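Protein chains in written order, with the working numbering: chain A, 72 to 456; chain B, 14 to 355.
Read the hints as simulated data drawn from the structure, not as lab findings. Keep in mind that this is a model prediction, so the values were computed, not measured. Where a beta carbon is used, it is the ideal one built from N, C-alpha and C, also for glycine. Treat the hints with caution; some may be incorrect.
What the hints assert, rightly or not - With a straight-line cut-off of 20 Å between C-alpha atoms, the simulated EDC-like cross-links for lysine to aspartate or glutamate are:
1) B/Lys162 with B/Asp145
2) A/Lys295 with A/Glu435
3) A/Lys295 with B/Asp15
4) A/Lys385 with A/Asp396
5) A/Lys412 with A/Glu376
6) B/Lys162 with A/Glu404
7) B/Lys320 with B/Asp15
8) B/Lys68 with B/Glu87
9) B/Lys162 with A/Glu376
10) B/Lys74 with B/Glu97
11) B/Lys74 with B/Asp109
12) A/Lys412 with B/Asp274
To be verified - So the derived label-pair ranges between C-beta atoms look like this:
13) A/Ile101 with B/Met316: 42 to 48 Å
14) B/Ala176 with A/Leu408: 36 to 42 Å
15) A/Gly305 with B/Thr341: 26 to 32 Å
16) A/Leu210 with B/Asn168: 30 to 36 Å
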Amino acid sequence: MFGKTARQDWIFLAIFAAFVLSMPVTLAPIGAGYPDLLQKFAIYGLFAIGFNILFGLTGYLSFGHAAFLGVGSYAAVWVFKLLTVNAVPAVIFAVLVAGLFAAAIGYVSLRRAGIYFSILTLAFAQMSYNLAYSVLTPLTNGETGLQVQLLAQGPVTDYINQDVRILDQWLGVKEVGVPSPSLFGIEMSGWPGFYFAAVMLIAGMFIAQRIFRSSFGMMLRAIKSNQTRLNYTGVNPRPYLLAAFVISGMYAGLAGALLAVIDPLAGAERMQWTASGEVVLMTILGGVGTLLGPFLGAALIKYAENIFSAINEKILHATFAWLPDGLQNAVVEIAGLFVGKGWHLTLGLLFMLIVIFLPGGLMEGFERLMRLFRRRGGAHAEREG
Amino acid sequence: MDAFLLQFLNGLDKGGAYALIALGLTLAFGTLGIVNFAHGALFMLGAFVAVSVNKLLTLEKVVLDPTRKTPWGEPVEIRTPYVETWLGDFGRFLVDWSVPVSIIAVIPVMLLIGVVMERGLIRHFYRRPHADQILVTFGLAIVLQEIVKHFFGANPIPQSAPAMFAGSADVGALFGLPPGTLVYPWWRLIYFLFAALVIAIVFAFLQFTTWGMVVRAGMRDRETVGLLGINIRRRFTTVFGIAAIVAGLAGAMYTPILPPDYHMGMEFLVLSFVVVVVGGMGSLPGAVLAGFLLGVLQSFSSMTEVKAILPGIDQIIIYLIAVIVLLTRPRGLLGRKGVMED
């Protein structure tokens with residue numbers, strides 16, 4: 072699956088791109104063929120791929136990555152409010168701001184390793200979250216969340232509730248009501264939004280692949296496997312770590328910006344530590360340190376969230392209608408624990424099972440299966456020959 | 014001056030909760046080397062044991078009284094808790110004191126949960142990386158939360174302190190202030206004293222009994238203790254059980270201060286982890302010291318005078334302190350050398 076040669080890399084990327092772009096068709100049979108869900112696949116896939124560049128390659132477990140996602144969202148919405156509703160400047164600005172923010176936090180946090188690093192990143196993320204709710208309300212609009220508003224008529228006194236959109240005004244773009252983000256006139260919701268996110272995802276995957284294959288990626292892996300030895304060979308790992316941290320922060324910023332592009336509302340809850348935990352979970356579930364794993368994990372979790380939380384008792388009764396009545400009620404009662412509002416229970420159990428039995432995540436599972444098949448195939452060949 | 018004292022007292026009971034949770038976390042970490050993200054869930058479980066005890070005690074027998082009618086013309090329902098019908102005045106006392114009484118249930122239940130958790134799950138993670146431990150216990154915490162949510166619902170369930178402690182104490186009088194200038198809820202004072210007592214018992218247990226001495230020796234060098242023919246693992250399992258009890262007690266007694274809901278544990282866990290790291294991983298006195306210190310600092314920073322100078326400081330003070338401590342004293346306030354440094 073993972074080639075070592077450049078040719079195989081290109082083939083992998085081509086297959087990935089083809090799959091991502093054809094998701095609306097290929098995933099329709101399993102009930103995932105609609106834009107809202109596929110957008111999430113792409114956006115959280117990007118988030119997880121970026122997180123994996125830090126955690127998968129260097130082994131530094133950040134528990135505060137959601138902060139960059141939140142910052143990206145806020146930055147993007149501010150661009151919508153002040154400059155233009157075109158998505159491109161917003162995305163670029165959000166990635167830059169998230170990168171700067173990550174550079175500042177990374178510079179401090181990377182002085183420590185192991186669990187201390189996790190706690191430091193957690194502390195910074197929680198500080199950002201708490202401040203976004205309290206003192207930084209003029210920037211974040213607190214609990215209401217920052218959103219795109221009507222154009223200001225006359226002098227602007229309140230930038231939260233009155234937008235200026237200088238660039239759009241200058242270009243003479245006409246606005247009717249509250250505008251939604253667009254890409255040169257194409258409104259970025261529904262399918263166009265998905266394709267925009269999908270293109271970003273493919274680009275993100277390409278960059279991640281280049282990093283994995285580069286000497287920089289090799290250096291990051293060296294940090295994970297033995298930092299002391301690296302020190303003795305005269306290498307200072309800190310710049311490499313900081314670069315990895317900033318890159319993965321920029322991925323998170325991009326994901327946050329895309330969330331804002333699709334739905335221009337940024338709230339602080341995106342920065343909470345549970346959101347940081349979610350991306351860790353996605354990466355682990357898919358397979359830490361693999362290229363494809365984080366995307367698979369993100370997609371699987373978003374898919375499961377969507378499916379499991381939609382199931383209710385009626386559907387369960389219909390599913391188990393073939394059972395005798397008493398048994399049916401018992402089964403529905405038990406199954407009801409895991410679906411609908413209780414889907415977090417499924418998530419927690421899934422999480423535990425993966426960590427206990429499959430520490431390498433889904434990708435390790437696939438590899439084991441492949442090996443099993445190959446061995447069986449080999450045995451067949453021997454017998455026949 | 015009295016505002017200052019009031020904030021100090023405010024910090025003590027919150028600090029007490031932090032210290033108790035952090036103490037349990039440190040016990041688990043120092044003995045088993047486990048980073049337990051499910052510890053907050055144990056705190057929450059303790060609180061819900063108290064809720065269950067209260068529910069059991071207030072199970073009511075409903076009798077219809079046909080002689081009296083409600084304004085709607087239906088017979089009046091007379092509800093009396095079973096314990097009251099059976100035990101009379103003592104029953105009434107039990108219902109009133111349900112929170113302290115629940116301690117009797119909390120200890121065995123939490124011990125059982127702790128031992129089962131250690132034997133069933135955590136034992137298999139000794140040799141796995143810390144990241145794996147964090148992740149599996151994080152998953153366990155979600156599972157425990159969801160189970161509690163299923164049975165008790167998502168809304169906070171208020172519990173009341175015994176009527177005797179319902180009011181406020183005139184603490185100011187003790188310091189020679191005029192009466193009424195500094196009043197403080199009794200239960201919060203009780204909570205602080207309770208936390209101090211539990212901490213003292215745990216320390217005395219580890220310091221003055223042979224059993225505790227072996228555990229301390231095991232924390233220093235488990236291999237040598239093992240070579241001396243002591244089954245150190247079994248003791249460590251018990252220590253994990255004790256850590257669970259401490260967390261459970263902290264949760265149960267905290268219910269009159271903060272109505273428990275299913276995710277209260279997570280909020281406390283994040284803070285307690287910060288507390289442990291500030292105190293120094295693996296240092297028991299460090300955990301207690303940092304717990305009280307951060308509790309008190311947090312409540313000072315929420316004074317209006319302080320907020321006027323540094324807006325928003327009350328929201329971030331704990332994390333800010335953590336960052337400063339970690340950058341200047343990498344091992345925390347009282348951390349030992351060689352713990353968690355690889």
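Quiz item: Taking the CB of B/Ala176 and the CB of A/Leu408, does the distance hold inside 36 to 42 Å?
Solution: 38 Å, holds
Quiz prompt | Agreement of A/Lys412 and A/Glu376 with the hint, judged by alpha carbon distance not exceeding 20 Å | solution = 10 Å, holds
Quiz item: B/Lys162 and A/Glu376: Cα distance at most 20 Å?
Solution: 18 Å, holds
Practice problem: Verify the proposed pairing of B/Lys162 with B/Asp145, using a straight-line Cα cut of 20 Å. | Solution: 26 Å, violated
Quiz item: When you check the alpha-carbon spacing of B/Lys74 and B/Asp109, does it fall within 20 Å?
Solution: OK: B/Lys74 and B/Asp109 at ~17 Å, within 20 Å.
Quiz item: Holds or violated: are the alpha carbons of B/Lys162 and A/Glu404 at most 20 Å from each other?
Solution: OK: B/Lys162 and A/Glu404 at ~15 Å, within 20 Å.
Quiz item: Is B/Lys68 close enough to B/Glu87, meaning Cα to Cα at most 20 Å?
Solution: 27 Å, violated
Quiz item: Is A/Lys295 close enough to A/Glu435, meaning Cα to Cα at most 20 Å?
Solution: 19 Å, holds
Self-check item: Pair hint outcome, B/Lys74 versus B/Glu97 [Cα-Cα no greater than 20 Å]
Solution: Judged against 20 Å, a Cα distance of about 10 Å means the pair holds.
Quiz item: Under the criterion that the straight-line Cα-Cα distance not exceed 20 Å, is the pair A/Lys412, B/Asp274 satisfied?
Solution: 16 Å, holds
Practice problem: Confirm or reject the claim that A/Ile101 and B/Met316 have a C-beta distance inside 42 to 48 Å. | Solution: With Cβ atoms ~56 Å apart, the hint is violated.
Quiz item: Is the straight-line distance between the alpha-carbon of B/Lys320 and that of B/Asp15 20 Å or less?
Solution: Given that 20 Å is the threshold and the Cα spacing comes to 18 Å, the pair holds.
Consistency with the previously given hints fails for numbers 1, 3, 8, 13, ordered from lowest to highest.
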